[in-house]
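Starting from the given sequences, assemble the full structure and let the hints guide the process.
In terms of the numbering used here, the sequence shown opens at residue 33 and continues consecutively.
Any given hint could turn out to be false.
To be verified - Calculated pairs, DSSO-like style, for lysine-lysine (alpha carbon to alpha carbon, straight line, at most 30 Å):
no.	residue 1	residue 2
1	K451	K430
2	K493	K453
3	K521	K465
4	K134	K539
5	K162	K134
6	K446	K493
7	K224	K257
8	K202	K233
Hint data in this document are derived by calculation from the structure and do not stem from the laboratory. Treat the numbers as computed from the prediction; the structure is a model and nothing was measured.
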Amino acid sequence: MGRLFVSKLPNRDIASRNILVHPPEPPMEVLCKDPTNSIYVGRTKMLNAPFYWTYQYVTNPHLAIVGITGSGKSYFIKTFLTRASFVWDSNALIIDWAGEYKQWVRMTGGKVISLGKGSYLNLLDLGGMKPYDRIKQVMRTIAILTDVDQYPEQKRLTEQAIEKAYRDNKFRMEAKEQRDELGRPIQAPTLKDVVKILEEKASMGTYEFPAELENAIYRLKQFTKPGEDYFAQQSTVSLTELTGSGLVALDLSGLPDERFRALGALAMLQFIKERMRAAGWAKAKGLRLIVVLDEAWKIGKDENSDAVMIIREGRKYNFGLIVASQNPTDIAEAIFSNVGTTFILKVKFEKFLDYLQGSLNFSEFMRDEISKFGVGSCAVNMSFSSAAPYPSTFLIDKIEGEEPMREFFLDLSKVLTKKQKEAVDVARSVSFKKDNLKRRLREFGLGDARIEEIVRLFDQKSRHMDIASFIILLERFGVERSNITMFLKEIGIEDTTIINIFTLADKRKADILDRDITQVILEEG
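Set out below in structure tokens:
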């Protein structure tokens with residue numbers, strides 16, 4: 033008589049072998065929502081079902097995105113904002129810590145405001161608040177960035193000086209609208225005014241704790257020095273311009289260090305929070321404003337940050353916050369535990385996986401899958417607004433993103449005559465869309481490998497290439513000169529300039545000889 037052998041298999045192995053019994057993902061009616069009121073992300077890994085994200089079935093509209101550098105965080109954020117603009121006509125404000133988004137924002141027709149490069153944000157602007165409320169916020173910001181909480185007397189002196197600065201500017205402390213007798217707006221004081229008040233107090237020599245007073249002055253002077261007074265001058269940036277102009281990047285990369293960047297980000301979040309409350313409850317579908325906070329560890333991990341308040345209140349005002357980080361432990365627990373949806377891309381360190389698994393309570397099977405992710409793959413954890421008899425964490429095979437329209441530039445400076453260079457109205461370069469270039473190159477008979485090599489060279493040269501090098505490259509790849517001439521005319525280059533281009537290209541070819549043209553292009557200044 034034969035023996036019956038029973039083998040023990042882990043649950044995850046059973047699930048992977050028989051996914052049709054209990055597939056580890058929600059049903060189609062949860063995944064596939066109305067495309068006119070949701071954001072397409074990609075297809076699920078198990079059943080290849082399309083996943084459309086919407087905030088309507090989760091606890092709130094906020095997102096946390098975690099993953100190592102190069103895992104696809106920024107790509108997903110750009111895709112999400114692009115689609116939210118089409119679906120909901122959402123405004124978006126990116127608090128851009130490292131200047132990572134500014135080029136993309138410009139390419140997509142958005143606006144970049146660079147603090148530290150001619151733009152200023154007055155820390156004492158009210159942004160629709162009462163002065164007393166703004167004073168509390170400013171003091172909380174100073175406490176996050178400095179050690180003032182450890183010195184109660186210095187904190188008291190600073191708070192009193194800020195209040196006096198408002199009063200000296202004839203601000204009515206009980207009112208929001210600040211206008212003079214003729215109805216003109218009253219300018220808010222600045223940190224320089226606060227420092228001046230403290231210095232005048234010190235010069236009198238009557239204060240019983242002079243060391244405390246000097247230290248309070250020193251602390252504020254960190255932000256008022258000439259050349260570093262980005263938050264101590266009257267604002268050149270309006271809050272309406274930042275939050276109601278479509279896609280906007282607040283570029284903080286030009287500020288000198290992390291303290292200044294944190295100060296700018298904190299002030300912006302505080303203004304946004306008050307604008308959110310002033311806008312009131314929203315009945316209309318969609319998200320009015322999406323705020324992106326990427327790699328802002330200094331304020332993302334502080335439990336007192338206004339990001340926490342936006343997380344808690346944003347849903348009723350149709351405001352959404354996206355917090356992204358390489359390190360999930362850099363995100364405040366109050367933020368991470370309250371976001372409606374978490375997207376987990378490739379995570380490298382075991383301690384981060386431990387934190388994510390402990391916080392989101394996903395299975396060992398999910399953990400194992402996350403550890404094997406390539407670029408663009410992700411796990412999605414959704415905190416559903418009602419109890420659900422299906423998994424809250426599931427896998428997306430690959431985020432299907434939006435490729436922005438990119439322009440490439442051919443530099444003409446080396447083929448212009450002296451007279452042309454002196455003329456004001458002569459173009460120094462010509463541009464064309466990447467997709468148009470790829471289409472024309474296919475028509476000229478180039479294969480995908482050659483086309484991608486040309487595109488890669490443009491990207492490696494910040495989307496610029498010398499015109500003669502471009503001609504030599506095309507001829508090396510077998511494109512006939514007649515086709516090249518036709519293309520140059522299509523993009524607006526005159527006949528006389530085309531002659532100069534080919535003359536320079538022929539001279540260059542003689543100089544290059546057998547050298548690799550792609551390497552020569554990369555070596556050009």
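*If you check each hint against the structure, which ones fail?*
1, 4 and 5
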